[in-house]
Amino acid sequence: MLEQILVLLPQVLFDGFILGFIYAMIALGYTMVYGVLELINFAHSEIFMIGAVAGVEVFRYLAPLIPNGYLLLLVAVVLVERMAYRPLRRRGTTNRLVPLVTAIGVSFFLQDLVRLIEGLWHNEFFLRMRTIPDLEGSFTLFGGAIFIQTKSVIVIVVSVLMLWGLTYLVNRTKLGMAIRAVAQDLSTASLMGINPDLIISRTFLIGGALGGVAGVLFALIYTTINPYVGFLPGIKAFTAAVLGGIGNIPGAMLGGLVLGQLENFFGTYLPILTAGNFGTEYKDVVAFLILIFILLFRPQGLLGQMVKEKV
Amino acid sequence: MSLLSLALSLVFLALSFLAPNTLTAFLGLGALGVAAFARLEPRVRTLNLALLTLAFTLFLRNSGNTLGLIGLVGILVALTTLPRIPRGIRVALGLAILLLSVPIAGFANTFIFELGIQIGIFAAMSLGLNVVVGMAGLLDLGYAAFFAVGAYTWAIFGSPQAGKFLQGNFPLPGEYMYLFMLIAVVTTAITGLLIGLPALRLRGDYLAIVTLGLGEVVRILANNLDHPINITNGPQGITPVGRPPIDWFRSLMGALGVRLDETTDYQLFFYLLVLAMIGLVVLANVNLANSRFGRAWVAIREDEIAAQAMGIPLLPTKLIAFMTGAAFSGVMGVIYGAQRTFVSPESFTLLASITILAMVILGGMGSIPGAILGAAALTILNLDILKTFSEFVRTSLPWIPSQVDPAKYERLVFGLILVLMMIYRPQGLIPEARHRAELEEEA
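Residue numbers (numbering that gives the first Met the number 0), protein chains in the order written: chain A, 0 to 310; chain B, 0 to 442.
Okay, chain A solo, but in the shape it has when bound (with noise of 0.2 Å):
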């Protein structure tokens, strides 16, 4: 058995890796929404989603020509946070419920909208990424031990320049310090001259691209989408926030790829380990349980800070 795992391993934390990076770009949107706003963002897996459904449309139509599908999702991104978070924040509503089901309410309409409009276009909803035979090759490494395919290495540069990117932004610009001058407190940073509705839709649009990204990427690998397919990463993907620290940017990136590791590693080897007793169906409750052990033991996170709530 030992060596059965051995034999796996290097393909397995490899693939881990192209799971990680996409949660870690989801894994930021719920992270930088949360460190501006303290909402936790439901409906940010269906931006993800939309980037996904965007990228299989764009395929379909216009060979890869990204940008055209991505004005689209990040009209979306700014409606919800305009027709949805806005008004509630105008209100002022202390009651820390309103927020949140708002945004499970967002969530739930985008996904039978998406499906709604697909259905209406294609009269199907079940959407297949085109291949593109340019991108269908692969490799191995080591002698065989890691397959290769030539999608996942578009996956990990796209995605390190994606995060590379957001790191510059947030802490070489003007608007990186604005953000982070509205995380830490919304009301002195208007009085420093700064517009909050401004930042915060700006970090809205920040996150959601990021997010965006990771459901063409998720696309492009996966190839089968439909309109429901962002639940399950997107609650990994808040997981992975939690776990690297909530509001924490690195931290956010960390937790989503030690949470890829993870996931990719019980759902390979817990049915080795359990002698197929168990199979790969349980990786997901294995995200939830690491969720729940992370909140109880180590609450503000791998990389996070105690914040001791003030009345």
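Worth flagging that the hints you see were computed from the coordinates, not collected in a lab. Owing to the predicted nature of the structure, the values given are computational and were not obtained by experimental measurement. Glycine included, C-beta positions come from ideal geometry on N, C-alpha and C. Accuracy of the hints is not assured; some may be wrong.
[As the list claims (entries may be wrong)] Covered stretches of chain B, going by a simulated chain A footprint (3 or more residues, C-beta under 8 Å):
#, stretch
1, 126-140
2, 206-219
3, 222-228
[What the hints assert, rightly or not] Per the computed footprint, the stretches of chain B lying under chain A, defined by three or more beta-carbons under 8 Å from a beta-carbon of chain A, are:
#, stretch
4, 393-401
5, 421-428
Following the hints, complete the assembly by docking chain B onto the known chain A.
Only chain B this time, still in chain A's reference frame:
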């Protein structure tokens, strides 16, 4: 105004004999609207509501059109919310609607029994979730998990399924269902404890996502525990789930002069059983709301830290709210399984949890009549109106692609309801008094 309103009701009464069609039903709903919202003398209004009850009952008897059921639900809402109607009349009319009008309609169209039973099951569950979300302010997104545990508790032992992993004589006889309703209270309360212990230590928004995850875990378990030991029979689900024998009920109804046939006997039985359960649940809810626990829950909802400072032990109080809500859901799960004689994991998805949440929010968090109204409105919407609309689209709008079937778009509708309610009327359709005061203060 009084005369006009009475005249409208009388015209509807006459038409419910002469022409019981859809147009007449809309006239009746209009008459109900006038009776409820126009400025009327309380006596005229009461008389009007009584007339309309009679008219809708006759309409349903003659046509079996489900629009009549919407009218009856409307009258029930009017009876519970409008001021200055004598208490005796409220109770008498309400009971007449529940015990006479709906069964009469059910004999004309058995689908109305089905609707009534589903409304009842979901109403009892929204009342349970109402304790958790409405009173204690704990956002539980995995509520369907408890429903699943309740349903499986009876389904496994009330069908041959238990014989696959236990020695003994299975299925258990149908009478055991009553016992299992009690056992389900215990098993779901324990599940509530197990889920609540880790989850309830967390602050509000984490709680939402953890319950969502754990709800999903329960569904995954139900879906996959067909191996190594076959406990839940996996995605195929369990069938046939036993029902209690109802010979005593048949002879009782026979003595009352009600003739039952093969399909309507169980439907009437389950309808009355569900009504009785709702009665119990409402009673429990009212008493809980006014008890020490109820006040502690509201205190926690309003301000956790202040509540703690006043000496309320947070975790135990929240746990009790969680377990109470779970227990209500478990009992209804047993009835649900027995009524459909079939239990499968796909009834207990996130969609089911969100549906129940939407019912509570539509009616008004913390409000008992609100939770029932929310359940009635969304169940009718889901099972009847969306399906009718689908039929309409299929027959009258052929240019719409066949994959676009409005009955499949519950998520769109429920999502929209949640967002619109939160933006425009967060206190719900029938707000709880305390909640209303609080939200008005904020505005």
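Against the structure, the hints come out as follows:
1. 126-140: Holds, because 4 residues of the stretch 126-140 of chain B bring their Cβ atoms closer than 8 Å to Cβ atoms of chain A.
2. 206-219: holds (count 9)
3. 222-228: Satisfied; 4 residues make the cut.
4. 393-401: Result for this restraint: holds, n = 3.
5. 421-428: Our answer is that it holds, as 3 residues pass the Cβ test (under 8 Å) against chain A, meeting three.
Against the hints set out earlier in the document, no violation occurs for any number.
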